[in-house]
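Engineer: Below, each chain spelled out in residue letters.
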Amino acid sequence: MTESTYRIQGATGDWEVVIGLEVHAQVTSNSKLFSGSATAFGAEPNTQVSLIDAAMPGMLPVLNGECIRQAVRTGMAIDAQINKWSRFDRKNYFYADLPQGYQISQLYHPIVGEGSLTIEADEKAGIPEAKVIGVERIHVEQDAGKLMHDQHPTMSYVDLNRSGVALMEIVSRPDMTSPAEAGAYLSKLRTILRYVGSCDGNMDQGSMRADVNVSVRRPGDELGTRTETKNVNSVRFVMQAIEHEANRQVDVIEGGGKIVQETRLFDPNTGSTRSMRSKEDAHDYRYFPDPDLLPLVLEDAFLEDCRASLPELPDAKRARYEGELGLSAYNAAVLTADVDTFQWFEALLAETALAQGKQPAEVAKQAANWLISELFGALNKLGKSLEDSPVSHEHAAELLALVGKGTISGSIAKQVLEIMLETGDGATVIVEREGLKQESDTGAIEAKVDEILAANGDKVAQYREGKVALFGFFVGQTMKAMQGKANPQVVNEILKSKLG
Amino acid sequence: MTELTDLGVAAIRDGVAAGTFSAVEVAEAFNANVAAAQGALNAFIVATPEKAIEAAKAIDAARASGAALGPMAGVPIGMKDLFATQGVQTTAASHMLEGFVPQYESTVSAKLWEAGAGMLGKLNLDQFAMGSSNESSYFGNVISPWQRPGSNAQLTPGGSSGGSSAAIAARLCPAATGTDTGGSIRQPAAYTGTTGIKPTYGRCSRWGVVAFASSLDQAGAMARDVTDCAIVLEAMAGFDPKDSTSLDVAVPAWTASLSADLKGKKVGIPREYRVDGMPAEIDAIWEQGIAWARDAGAEVVEVSLPHTKYALATYYIIAPAEASSNLARYDGVRYGLRDLPDGAGLQDMYAATRAAGFGPEVKRRILIGTYVLSAGFYDAYYTQAQKVRALISQDFAKAFEQVDVLLTPTAPSAAFALGENVDDPLAMYLNDVFTVPASLAGLPAMSVPAGLDAQGLPLGLQIIGRPLDEQGVLNAGLAIEARAGFTARPGKWW
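Chains as they are written, first to last, in the working numbering: chain X, 1 to 500; chain U, 1001 to 1494.
Chain X on its own, in the form it takes in the complex:
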């Protein structure tokens, strides 16, 4: 494996960065980890709080099996060991957003053990080769509530809607050595979670956030002391936090100081981190097995069901796009990077194959190229995403079929797409209405070609003397004369035969 060459250039030489991420991902489920309360985002404060979530006297947790199913499926998606016996522990600390006075988590026996995921090579980002990043564990735990400090001049308010919502804590190995690798890991993890459907990955809504562990060392040395920057909530911020934190650590060490093991906060406005609390102030969480819950034992049938319910995962899908569909590595990567994208592509592909009476593999390149180079660009200009695309995949397949059958040319297709985006109309309707149908009538094209060759005798002579590059000129002239509606293949054939 080629190691990253990312280095911090300090005054005294190069420094290597070592990064581990603890990602908190909110489990997609209708109710909380240990209560029946709803989990919808954005509800009015304290409207999704049960007696259990508010930790009323005598209330007891009852495990939500769906959250466990999602955690197991996530573990399977990263080829991790699934622990058939796991247990919930209490993490004890006092805070106003933590009604029980403890968080139910899994310290000693997590549900998911060792696994891994692969980040792709990205030369531009300084990732020369694909790299396997280890995942140490995934455990399931409760989220806390939220304090609101801006509702009253002297008091803080508590919103317990999030209290008890299920989180997966996904702990990586310290296998990343550059901000780019960490960013790629987080993106890939998000992709996998979204494929699996175990987390919606909405980082701006707090559904996914990362604690970033960073240390620096001389290349080849022992690990340095790490700091942990809490609750960073975007890929970009994670990369910024690492960049800043690694440089800060180098400055401290080179200035003769020592790195203190501490918890830090990231400020998105300045892109910097600041100290929150040091190890000396660290809580003693007094973890112990939660006596209100029995150990969690997973049956084989349950595990089989989890495995059977897994979708095709990003790596497998990308390989299939390249292998079976013959897409370029780049296109395959782009199309599989997110659930919305591949779903749109696969729908388009199915419609396109149907419309043209061909096998998907025969039209895959056409569909992929058009989607990536035409529709993405057009949507981008409009500030829209696939989700709110004015062009449906049925209409898009119709457009591609028109091109595939030679009814319109590629350049006319661009015009048709513009109109589709504006009107939402189908491609055939537009082509008919606007009279954009491509001319495949050899006679009409021959007539134009003859005119053009006659008018450009000098260039014909040069071409025949060997200046073959002029062929493009004749094509252009002919297409222009045909107002872009000539079938380019027919034009080529006629020109070739006439020019000899």
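Treat the hints as calculated values from the structure; they're not laboratory data. Beta carbons are placed, not taken as given, at the ideal position from N, Cα and C, and that holds for glycine. Keep in mind that a hint or two might mislead.
Chain U is nowhere near these chain X residues, computed Cβ spacing over 10 angstroms in every case [as the list claims (entries may be wrong)]:
hint, residue
1, GLY126
2, ARG173
3, ARG209
4, LYS384
5, LYS496
As a list, the in silico DSS-like pairs of lysine-lysine whose alpha-carbon atoms are at most 27 angstroms apart [stated by the list, open to error]:
hint, chain 1, residue 1, chain 2, residue 2
6, U, LYS1309, U, LYS1266
7, X, LYS405, X, LYS358
8, U, LYS1266, X, LYS91
9, X, LYS91, U, LYS1242
10, X, LYS496, X, LYS459
11, X, LYS437, X, LYS467
12, X, LYS84, U, LYS1363
13, X, LYS365, X, LYS317
14, X, LYS485, X, LYS498
15, X, LYS496, X, LYS124
16, X, LYS365, X, LYS381
17, U, LYS1363, X, LYS91
18, U, LYS1387, X, LYS84
Dock chain U against chain X, hints included.
Structural biologist: Frame of chain X, contents of chain U only:
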């Protein structure tokens, strides 16, 4: 004519069903006793005479309309104030929860109301069920109705279900709920000449019961005799999906299957329960119990429970550890007491609230629990205690390969005077020496009154059974009860 308040659960139920008296008459009689004794015994934190009458009226109306009556129809009972009761203050005998009125009903109390019982009030207890003498209640000590002859020294009714035991002994209620974490049903029953059973851990739902130590807490029944205990327990028990530690097994018809015949049964006598310095009277009553067991047809076998001597230490690590965490929710943020000194921040509010809201025994256990769970001490205390707990369970499992039930004294002494042990927590904790092992193993166990000591105070015998064998425990209890012929009752001085 016998006073209505001298009747037990079965007699009241049957009398109401037969129309010998009305449920309202019964409720009124007990309400009057509750009111008359409150000043002297302090058994209740809150009396709810209107609730008792309301339930009784419903039963009388149901009977009049010919509707089927539940197994406790017309029986008014006392509810230990650890059970959440909807619309009725639930305090766990703490200042912390003074004035706390739940919007929910505990599963156990709901089942009892469903069975036709009515509520006389919320019974006093040791604060958060922590104590063996009922001296840690924020609402004052419960005074036992029993007194030594020629003395008016106030005696303990035992704890933590001291309000329950005192109320039953004083005829303030025919039965009551209790909870038992390390002996809190059995020891008070023994001290007051009443009967109490703690079922197998998981038989009764803990949902809506203020938690002390989750892995040990178990609700149970207290009454004047074994049959009544069986009736009440049968109504309380049952699987509850809201409690993950609740056992998903059917509740057998214990009452219908009661039998005092122990022929073919083996009764084990654990030799490790003969502790040094045990009063001769306790030994004597135990010997008497052994003789009764033989008389009932049982074969008596000596067995060994070698890890018994570690049980108390184990218990006083595990129970406080769980309690320290369970009681963290009482923080002044959402309900209950809030002490917010001027200019206080969050941490100050926690400190002030918890300092004011918890009594000394509760604080002591929170501190012990916090200590044993601390980094650096966890393995030495908590992990070790869990290992010993497993060994204690194994001891019982091995013994139950040989015998059907175990017979032991319930407590190492009769009731002591209030104040006698208050300054010596260790002496106080020793009260639980015989009851704690069965709690650690989650086994069903009961105390039945067996006789009086030289001072005329009641002594109890404990029967411990196999997991889920409440029937075996009740039957052995019935055999002892039949032979003990315990009819003593405290003279009425209040």
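Engineer: So, for every hint listed, does it hold in this structure?
Structural biologist: How the hints compare with the structure:
1. Residue-level check passed: GLY126 (chain X) sits 40 angstroms from the nearest beta carbon of chain U, beyond 10 angstroms.
2. Non-interface status of ARG173 (chain X) relative to chain U is upheld: no Cβ of that chain comes within 10 angstroms, the nearest being about 24 angstroms off.
3. Every CB of chain U is more than 10 angstroms from the CB of ARG209 (chain X) (nearest about 23 angstroms), matching its label as outside the interface.
4. The non-interface label for LYS384 (chain X) is consistent with chain U: the shortest C-beta to C-beta separation is roughly 45 angstroms, beyond 10 angstroms.
5. Against chain U, the non-interface label of LYS496 (chain X) holds: every CB pair exceeds 10 angstroms, the least being about 80 angstroms.
6. Pair hint LYS1309 (chain U) plus LYS1266 (chain U) holds up; C-alpha atoms about 24 angstroms apart against a cutoff of 27 angstroms.
7. With a C-alpha separation of about 11 angstroms, the suggested pair LYS405 (chain X) and LYS358 (chain X) falls inside the 27 angstroms cut-off, and the hint holds.
8. As the CA atoms of LYS1266 (chain U) and LYS91 (chain X) are separated by approximately 46 angstroms, the hinted pair breaks the 27 angstroms bound.
9. Proximity of LYS91 (chain X) to LYS1242 (chain U) is assessed by CA-CA distance (about 22 angstroms); at most 27 angstroms being required, the pair is judged to hold.
10. The hinted pair formed by LYS496 (chain X) and LYS459 (chain X) meets the criterion: a straight-line CA distance of about 14 angstroms does not exceed 27 angstroms.
11. Taking the CA atoms of LYS437 (chain X) and LYS467 (chain X), the gap is about 33 angstroms. The hint is violated against a cut of 27 angstroms.
12. In summary, the hint linking LYS84 (chain X) to LYS1363 (chain U) is not supported, as the alpha carbons are separated by about 39 angstroms, beyond the 27 angstroms threshold.
13. Of the supplied pair hints, the one linking LYS365 (chain X) and LYS317 (chain X) holds, its CA atoms being roughly 15 angstroms apart against a limit of 27 angstroms.
14. Using a Cα cut-off of 27 angstroms, the hinted pair LYS485 (chain X) and LYS498 (chain X) holds, with the two alpha carbons roughly 20 angstroms apart.
15. Under the criterion of a C-alpha separation no larger than 27 angstroms, the hint pairing LYS496 (chain X) with LYS124 (chain X) is inconsistent with the structure, at around 42 angstroms.
16. A hinted pair counts as satisfied when its Cα atoms are at most 27 angstroms apart, and LYS365 (chain X) with LYS381 (chain X) qualifies at roughly 23 angstroms.
17. For the hint linking LYS1363 (chain U) to LYS91 (chain X), the alpha-carbon distance of about 20 angstroms falls within 27 angstroms, and the restraint holds.
18. Taking the CA atoms of LYS1387 (chain U) and LYS84 (chain X), the gap is near 22 angstroms; set against the 27 angstroms cutoff, the hint holds.
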